[in-house]
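Q: Chains as they are written, first to last, in the UniProt record's numbering: chain H, 1 to 261; chain U, 1 to 261.
These are computed hints drawn from the structure, not numbers from a lab.
Check before you lean on any hint, since a few could be wrong.
As the list claims (entries may be wrong) - Just so you have them, the derived chain H footprint on chain U, three or more residues with Cβ under 8 Å:
id, segment
1, 19–27
2, 94–102
3, 173–181
4, 204–211
5, 216–224
6, 227–237
Said to hold, decoys possible - Chain H residues, not near chain U, derived (Cβ > 10 Å throughout):
id, residue
7, Ile17
8, Val35
9, Ala57
10, Gln80
11, Ser82
12, Lys193
13, Ser202
14, Asn220
15, Arg240
What the hints assert, rightly or not - Mimicking EDC-like on lysine to aspartate or glutamate, the simulated pairs with C-alpha atoms at most 20 Å apart in a straight line are:
id, chain 1, residue 1, chain 2, residue 2
16, U, Lys161, H, Glu203
17, H, Lys161, U, Asp120
18, H, Lys193, U, Glu34
19, H, Lys25, U, Glu124
20, U, Lys25, H, Glu111
21, U, Lys161, H, Asp212
22, U, Lys25, U, Asp83
23, U, Lys110, H, Asp24
24, U, Lys193, H, Asp86
25, U, Lys193, H, Glu34
26, H, Lys200, H, Asp234
27, U, Lys26, U, Glu111
28, H, Lys107, H, Asp97
29, U, Lys26, U, Asp97
30, U, Lys110, U, Asp86
31, H, Lys193, U, Asp120
32, U, Lys110, H, Asp86
33, U, Lys161, H, Glu34
34, H, Lys193, U, Asp97
35, U, Lys107, U, Glu124
36, U, Lys110, H, Glu111
37, U, Lys110, H, Asp85
38, H, Lys180, H, Glu215
39, U, Lys25, H, Asp208
40, U, Lys229, U, Glu215
Here a beta-carbon is modelled for each residue, glycine too, at the ideal position from N, C-alpha and C.
Letter by letter, the chains look like this.
Number of protein chains: 2
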Amino acid sequence: MAEKPEFPVVQGGGSLIIAWQIRDKKVLVVGGGEVAAGRILHCLNADARVTVVSPLARLNPEVAYRVAQGQVTHIDRNFQPSDLDDSSIAMVLVAVDDPAASTTIWKLCKERRIPANIADVPSECDFYFGSVHRDGPLQIMVSTNGKGPRLAAMIRRFIAKQLPSDAGRAIETIGQLRVKLRQIAPRQEDGPKRMAWMTKVSEAYSWDEMCDLSEEDMDNLLRYYPSGKVPSLDGLKGMRANPEVGQLDVFDGSFGFSVGA
Amino acid sequence: MAEKPEFPVVQGGGSLIIAWQIRDKKVLVVGGGEVAAGRILHCLNADARVTVVSPLARLNPEVAYRVAQGQVTHIDRNFQPSDLDDSSIAMVLVAVDDPAASTTIWKLCKERRIPANIADVPSECDFYFGSVHRDGPLQIMVSTNGKGPRLAAMIRRFIAKQLPSDAGRAIETIGQLRVKLRQIAPRQEDGPKRMAWMTKVSEAYSWDEMCDLSEEDMDNLLRYYPSGKVPSLDGLKGMRANPEVGQLDVFDGSFGFSVGA
Chain H
1 MAEKPEFPVV QGGGSLIIAW QIRDKKVLVV GGGEVAAGRI LHCLNADARV TVVSPLARLN
61 PEVAYRVAQG QVTHIDRNFQ PSDLDDSSIA MVLVAVDDPA ASTTIWKLCK ERRIPANIAD
121 VPSECDFYFG SVHRDGPLQI MVSTNGKGPR LAAMIRRFIA KQLPSDAGRA IETIGQLRVK
181 LRQIAPRQED GPKRMAWMTK VSEAYSWDEM CDLSEEDMDN LLRYYPSGKV PSLDGLKGMR
241 ANPEVGQLDV FDGSFGFSVG A
Chain U
1 MAEKPEFPVV QGGGSLIIAW QIRDKKVLVV GGGEVAAGRI LHCLNADARV TVVSPLARLN
61 PEVAYRVAQG QVTHIDRNFQ PSDLDDSSIA MVLVAVDDPA ASTTIWKLCK ERRIPANIAD
121 VPSECDFYFG SVHRDGPLQI MVSTNGKGPR LAAMIRRFIA KQLPSDAGRA IETIGQLRVK
181 LRQIAPRQED GPKRMAWMTK VSEAYSWDEM CDLSEEDMDN LLRYYPSGKV PSLDGLKGMR
241 ANPEVGQLDV FDGSFGFSVG A
């Protein structure tokens, strides 16, 4: 039994990377500088309700802009422990140049079991941030587990350059395939067949190939579902309607004549 | 003032993607099937102390293997509310085919403010998982924000193929640059100069270019720090010692002669 098992080998030293859901939840950001500005944007991109605690005079231009636009709620003073009395606060992000105050806030959060991140103090963080590429529904987060935020940003830029253009839109289109499949095979007992077919689809094409497929291609692909088969990429593209004769939902054999006429 | 500001525009609809720190923290996994196996691996890769609650007979081979290897603690029965009495539990992950039991566990977790994920029930999740590429210190997480886990895995595979080979090792090497820089410029007041130079480095080379650099190249690069300058990639490579004459720490002008001898 000393043989290597077929199961993945544990690679310690990483983080648990997760997509936290903070839509409509309250996030308290303490501080209003450049780091706070980045945190605030991350939270707004995830539809959180953000409150910033910081004297107005210390807000950087981006934070001041978001306050002025009403994108965040602003409390114009330094942090007070009573700021945590609101039991609906889901997360606290601290970015102030005051290690003693930061540690106090961290401890208060831990007493209340509120997830918190104290910028630049790894030992006072339930979680770290990474560098995130965003394109519509697609989010790609790069973490180097402490080897440097600049390095993470470089890798993020590298990845963004490799991605097919318009990747976000393509994901929406591909996502539609699942939705449409559920429409044509809605029954609970269809579940295993649906899953098996979707797996076959994901094995038949690479992702960048799928990005080239149009909504029409997706509809053509769905016609294969009853048979449980998946056409080759060329086969699928070959089903595209000839633009000269407009959309042909079903090839009825009259194609050559109508074009030739 | 109706002009477009220079600040990033908020793109709602995303998640807050974070690198959760669970080293040496207790994670309770309820269930022992295929989904649980994936969750357990994610947690072990982040050095968590994992307890699996599930009847032995229902463990899948991978989970049974990890139990047998002592990689996780096993409680051989169904979940009981008293499993949450341990106040040091940092996270709960549920993957059982029992919606009623799942909802009960979710509510118990929320009463106790324990972050939790109930597989396949988005409304009962503080966070979602994505598809993660791992290579040493590098972790890249792909989320399609609900457009399908298979799609996220496809994109993860696509990205993994684009990455320079041995990327993890390269990140270690590049990370060393920061460490060595701190050694040659350790003073607090050097901070701004260090940061400015590191920024210049990250702007001078792309990440895949940096992956081609050896430790020797990094040492050569560091010689430019006092001047605040950064050489071109070709310039840096040109400093490489001629292997025929061994390592040349400093070019002393005798290079041509020793080679020609």
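Q: Identify every previously stated hint that the structure contradicts and give their numbers, smallest first.
A: Hints 2, 5, 6, 7, 13, 17, 24, 29, 33 and 39 contradicted; others consistent.
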